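*Asks:* Residue-level listing of the chains:
2 protein chains.
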Amino acid sequence: MTALVLIDTQIGLQEGAFYGSERNNPEAEENCGRLLQIFRKKQLPVFHVKHNSTEIDSPLYPNKMGNEFHPAVQPLINEPVFEKTVNSAFIGTNLEVSLKAQNITDLVIAGLTIEHCISTSVRMASNLGFNVILVSDATAAFDKVGYDGNKYPAEVIFHAELANLKDEFATIMDTETLMDELDKSIE
Amino acid sequence: MTALVLIDTQIGLQEGAFYGSERNNPEAEENCGRLLQIFRKKQLPVFHVKHNSTEIDSPLYPNKMGNEFHPAVQPLINEPVFEKTVNSAFIGTNLEVSLKAQNITDLVIAGLTIEHCISTSVRMASNLGFNVILVSDATAAFDKVGYDGNKYPAEVIFHAELANLKDEFATIMDTETLMDELDKSIE
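These protein sequence lines map, in sequence, to chains A and B. All residue numbers for the first sequence refer to our numbering, where the first residue is 1 and numbers rise by one. All residue numbers for the second sequence refer to our numbering, where the first residue is 1001 and numbers rise by one.
In isolation and in its complexed conformation, chain A is listed as follows (with noise of 0.2 angstroms):
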């Protein structure tokens, strides 16, 4: 059984001044909206994970408009919202055994950031024994300043995590490649 699980698509991480000064992929949100769609279509698992700030001066603070869900990705009443303080949503969360109890052997997991919490949120699934699937246009990085001084762009950065992530940890696919394959494999 295959689930969905997003994490963080919340309204603050657009605000590129908190996490650095640019950010590649601003259609991430609107294809996890495109993959929350098909799998409501196709009655498949969706989990959803929140990040609650514990820093107060963070977009993602809770009761911040920023902590909020983006529009494209609302949760229905029925799907699960893991709520989590930390980048891995299976540390301090029960989605782990959640997952596990309806006998979920594979994710596909969308979100922000690449570089932060889906990263760690992707190595531990595969370590936990989760066969990954990470969509590589439904997530984005910001950029950073090095230990060494220089300045990494976003598009840098991104690449260089989708590079540590595939094939150790996830297979990469975009969200089109993605719906394509679950509107062959599924009635």
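To be clear, the hints were calculated from the coordinates, so they are not data collected in a lab. All figures in this text were calculated on a predicted structure; none of them were measured in a lab. Backbone N, C-alpha and C fix where the C-beta goes; we use that ideal spot for every residue, glycine too. You may find that some hints are simply not true.
With the C-beta cut set under 8 angstroms, the calculated list includes, among others, these residues of chain B facing chain A [said to hold, decoys possible]: (1) Arg1034; (2) Glu1168; (3) Ile1172.
Since the structure of chain A is provided, determine the placement of chain B on it from the hints.
*Replies:* Then chain B, alone, in the frame of chain A:
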């Protein structure tokens, strides 16, 4: 209490051909050895983590020469060794329980490779509540071919991953600075 956690400091991780075409920081294992010496001298706890690959072609497959610890970081009889089969040092091992049983709150992490087992273990350590120092010149990366088909050199993979871990998951420090800090802070 601070402990040293050395991860996958095994001979096989010098075999570039299996993991990529080039590795940066050839001195990483020697720097792990220097960290090990100062932790022993200061009588601070040391934990070794060893990877037993489940892939028969891997240099880290059990009973192969590559599975052995590097000569610079041979464990002493009284130093615990945790064996793992996935990237995270905390999955399928008793490492977390052992650290917490000894009231260890701070971890100095070093070993290989930064983009796979070190990153995964640093991320989990931080999310599990440990304060983490990652030693920049006591770890190393291999080059990768990206999802976009471009080649990402070991130095780019290394610095991008270090940038992703910095501040969010760990304090980054080099071996010399860490050894000076340990010499100053602990009698």
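*Asks:* Does each hint fit the structure? Answer for all of them.
*Replies:* Cross-check of the supplied hints:
1. Arg1034: violated (19 angstroms)
2. Glu1168: It holds, given that the least Cβ distance between B/Glu1168 and chain A is near 6 angstroms, below 8 angstroms.
3. Ile1172: holds (5 angstroms)
When the structure is compared with the earlier hints, a violation turns up for hint 1 alone.
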